[in-house]
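Residue numbers (my numbering), protein chains in the order written: chain D, 5 to 268; chain Z, 167 to 416.
Read the hints as simulated data drawn from the structure, not as lab findings. Please note that a few of the clues may not be correct.
Pair by pair, the computed Cβ-Cβ distance ranges are [to be verified]:
{"hint": "1", "chain 1": "Z", "residue 1": "Arg208", "chain 2": "D", "residue 2": "Val181", "range": "29 to 35 Å"}
{"hint": "2", "chain 1": "D", "residue 1": "Asp180", "chain 2": "Z", "residue 2": "Ser216", "range": "33 to 39 Å"}
{"hint": "3", "chain 1": "D", "residue 1": "Val136", "chain 2": "Z", "residue 2": "Arg367", "range": "52 to 58 Å"}
{"hint": "4", "chain 1": "D", "residue 1": "Val136", "chain 2": "Z", "residue 2": "Ala359", "range": "56 to 62 Å"}
{"hint": "5", "chain 1": "Z", "residue 1": "Asn336", "chain 2": "D", "residue 2": "Ala104", "range": "37 to 43 Å"}
{"hint": "6", "chain 1": "Z", "residue 1": "Ser369", "chain 2": "D", "residue 2": "Pro7", "range": "49 to 55 Å"}
Derived pair list, reagent style SDA-like, types lysine to any residue, alpha-carbon separation capped at 25 Å [claimed, not checked]:
{"hint": "7", "chain 1": "Z", "residue 1": "Lys223", "chain 2": "Z", "residue 2": "Gly289"}
{"hint": "8", "chain 1": "D", "residue 1": "Lys107", "chain 2": "Z", "residue 2": "Ala210"}
{"hint": "9", "chain 1": "D", "residue 1": "Lys35", "chain 2": "Z", "residue 2": "Lys358"}
{"hint": "10", "chain 1": "D", "residue 1": "Lys72", "chain 2": "Z", "residue 2": "Glu294"}
{"hint": "11", "chain 1": "Z", "residue 1": "Lys358", "chain 2": "Z", "residue 2": "His395"}
{"hint": "12", "chain 1": "D", "residue 1": "Lys35", "chain 2": "Z", "residue 2": "Ser375"}
{"hint": "13", "chain 1": "Z", "residue 1": "Lys223", "chain 2": "Z", "residue 2": "Val402"}
{"hint": "14", "chain 1": "D", "residue 1": "Lys107", "chain 2": "Z", "residue 2": "Val256"}
{"hint": "15", "chain 1": "D", "residue 1": "Lys107", "chain 2": "Z", "residue 2": "Pro178"}
{"hint": "16", "chain 1": "D", "residue 1": "Lys72", "chain 2": "D", "residue 2": "Leu153"}
{"hint": "17", "chain 1": "D", "residue 1": "Lys107", "chain 2": "Z", "residue 2": "Glu279"}
{"hint": "18", "chain 1": "D", "residue 1": "Lys107", "chain 2": "Z", "residue 2": "His395"}
{"hint": "19", "chain 1": "D", "residue 1": "Lys72", "chain 2": "Z", "residue 2": "Ser375"}
{"hint": "20", "chain 1": "Z", "residue 1": "Lys223", "chain 2": "Z", "residue 2": "Arg367"}
{"hint": "21", "chain 1": "D", "residue 1": "Lys72", "chain 2": "D", "residue 2": "Gly129"}
{"hint": "22", "chain 1": "Z", "residue 1": "Lys220", "chain 2": "Z", "residue 2": "Glu171"}
{"hint": "23", "chain 1": "D", "residue 1": "Lys35", "chain 2": "Z", "residue 2": "Arg413"}
{"hint": "24", "chain 1": "D", "residue 1": "Lys107", "chain 2": "Z", "residue 2": "Val402"}
{"hint": "25", "chain 1": "D", "residue 1": "Lys35", "chain 2": "D", "residue 2": "Ser150"}
Glycine included, C-beta positions come from ideal geometry on N, C-alpha and C.
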Amino acid sequence: MIPQYDVALADFTNGIRAWRLWGRLGWQEIKRRYRRTVIGPFWTTLSLGIFVAGLGVVWASLWNQDPKTYLPFLCAGMLGWNLVQSNINDGCTVFVGGEAFIKQLPFPYSMLVWSGVWRNLIVFGHNLCIFVLIGFYAGVPVTAASLLLLPALLLTSLNALWMATVLGVVCARYRDVQQVVASLLQVAMFVTPIFFTRDQLGPRFARFVDFNVLYHYVDIIRSPLLGRAPEVWSWIVVTGMLCLGGAGTLWFYSRFRRRVAYWL
Amino acid sequence: MILLEDVIVDFPIYGSAKSFRTELLGRATGGFIRREGRRQNRVAVRALESVSLKLSKGDRLGIVGPNGAGKSTLLGVLAGVYAPRAGRVVIEGRVSPLFNTAPGLDADDTGYENIVTCGMFLGMSRAEIEANTPAIAEFTELGDYLNLPVRTYSAGMIMRLAFAIATSINPEILLLDEGLGAGDARFAERAKARLDSLIERSSIVAVASHDEGLIRGVCNRAVLLDGGHVAAAGGVDDVLETYRERRSRP
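My request is simple: use the sequences and hints to build the entire structure.
Given below as structure tokens:
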């Protein structure tokens with residue numbers, strides 16, 4: 005298949021340029037999801053809050069941890085994990101869900117990806133409220149390192165962009181992939197140090213964590229929330245993934261973008 | 167300007183059970199459904215076969231043919247939705263396909279919100295949409311309903327809203343599939359005027375339709391598609407005549 009790098013690149017840049025439309029789509033989607041509910045999008049926040057409070061208290065006492073350190077750790081980890089997980093899961097359905105548009109209109113498909121990433125950032129913003137409450141209760145310090153949350157969110161979203169593009173295309177062709185990804189992520193949530201710290205794993209397993217890419221995605225969000233700078237290795241891994249993934253996606257997308265309309 | 171040269175479009179078929187595929191192949195005549203791939207294990211439907219076409223400013227093309235002849239696929243290629251498997255496609259100018267008249271229409275959003283969303287999908291800027299909104303609202307005669315969720319509308323009201331939004335665009339190249347529905351008969355006259363004006367301000371128009379009246383009224387040239395081939399091309403009357411002859415043949 006002849007690669008069309010210009011088409012793939014134009015899709016990305018025109019996608020960014022259509023920010024008014026995807027901004028609106030992401031926003032409307034949030035509004036729509038909770039229409040006629042009383043507390044609206046804060047339902048996700050509330051359920052996360054209940055989850056963290058419930059599990060946090062039980063597990064803190066199970067593992068003899070101080071709830072004042074364990075609760076913020078768990079909450080920050082869940083915030084990071086939720087963002088990464090929903091970006092990946094939504095990526096699988098991004099083109100299948102956009103079938104009506106893809107088959108009717110010529111437009112940059114990446115616009116659909118942007119709208120999903122934007123939507124998940126809005127949800128993250130809502131969830132942040134829970135962390136603020138817990139942080140206040142536990143006395144989590146706000147430091148200069150907290151500002152690193154912003155570049156972390158930017159890096160996460162850019163990574164989500166290429167992942168969703170690849171997954172979206174693959175899932176358009178092979179519908180099973182979505183299920184595979186969803187089940188793997190479910191397991192990954194328990195394997196990745198989110199409910200426990202990597203030190204608790206002991207020296208034998210802790211070194212494997214360095215190879216768990218998801219851990220680094222979570223870490224760059226979790227650590228700034230807790231007022232600490234993320235590990236340098238995490239920045240390297242996440243930035244490296246962005247470069248490698250971005251290049252790989254360009255290679256992939258320039259070959260298969262044209263097929264997407266046929267697969268839907 | 168639009169140029170198609172020897173365009174071939176194949177639709178792959180996935181997920182059909184093997185026995186079903188074999189049956190499909192057994193029934194297929196004329197190589198319409200074909201196997202491909204190294205082990206002949208893939209099935210594809212050839213929707214367009216060596217279609218060449220040139221549309222320039224002022225052209226109003228009617229596309230006719232029986233069901234499954236490839237009319238909608240041809241429109242899809244003209245829209246840039248389907249990249250052909252082989253052949254050359256050159257599209258110069260902004261294409262406005264109105265296949266689904268209200269892309270992005272959401273039942274839970276209000277009429278006004280949908281005017282903005284659909285308008286943006288159809289390529290209008292926010293300023294254009296704002297400028298057009300009073301005219302759209304007036305045409306729909308929906309009044310205060312526009313402040314309510316579209317969910318509360320009747321089917322005819324949704325159709326009117328969609329039609330009004332779709333016909334407010336300023337297309338360079340306009341593509342229509344089976345015209346545009348406009349709801350009840352009372353609206354037919356006003357809808358026709360609005361559609362005529364939309365076509366009037368488009369530089370190039372292509373319409374696929376079974377409605378000879380529409381084709382005759384709008385088009386200055388036509389193509390007849392049959393089994394993905396161009397069976398006839400030229401003046402509207404000649405092509406429609408050929409089409410009628412072919413249909414009456416046993």
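Holds or violated: D:Lys35 with Z:Lys358, Cα cutoff 25 Å?
Violated. D:Lys35 to Z:Lys358 sits at ~36 Å, over the 25 Å cutoff.
Next pair to validate is D:Lys72 with Z:Ser375; report whether the Cα-Cα distance is within 25 Å.
70 Å, violated
Does the beta carbon distance between D:Val136 and Z:Arg367 stay inside 52 to 58 Å, or does it fall outside?
54 Å, holds
Against the 25 Å threshold, does the CA-CA distance of D:Lys72 and Z:Glu294 hold or violate the hint?
Given that 25 Å is the threshold and the Cα spacing comes to 55 Å, the pair is violated.
Compare the distance between the alpha carbons of D:Lys35 and Z:Arg413 with 25 Å, and conclude whether the hinted pair is satisfied.
52 Å, violated
Are the Cα positions of Z:Lys358 and Z:His395 separated by 25 Å at most?
Status violated; Cα separation ~32 Å.
Status of the given 37 to 43 Å range, CB of D:Ala104 versus CB of Z:Asn336
Hint violated: Cβ distance 23 Å, outside 37 to 43 Å.
Taking 25 Å as the top limit, are the C-alpha atoms of D:Lys107 and Z:Val256 close enough?
19 Å, holds
Taking 25 Å as the top limit, are the C-alpha atoms of D:Lys72 and D:Gly129 close enough?
Since the Cα atoms of D:Lys72 and D:Gly129 sit roughly 23 Å apart, the hinted pair holds (cutoff 25 Å).
D:Lys107 and Z:Pro178 were given as a pair; does the straight-line alpha-carbon distance stay at or below 25 Å?
15 Å, holds
Given the proposed pairing of D:Lys72 with D:Leu153, does the C-alpha separation stay at or below 25 Å?
With Cα atoms ~21 Å apart, D:Lys72 and D:Leu153 stay inside 25 Å; holds.
Does the structure keep Z:Lys223 and Z:Gly289 at a Cα separation of 25 Å or less?
It holds: about 20 Å lies between the C-alpha atoms, which stays within 25 Å.
When held up to the earlier numbered hints, the structure conflicts with 1, 5, 6, 9, 10, 11, 12, 19, 23, 24 and 25 and fits the remainder.
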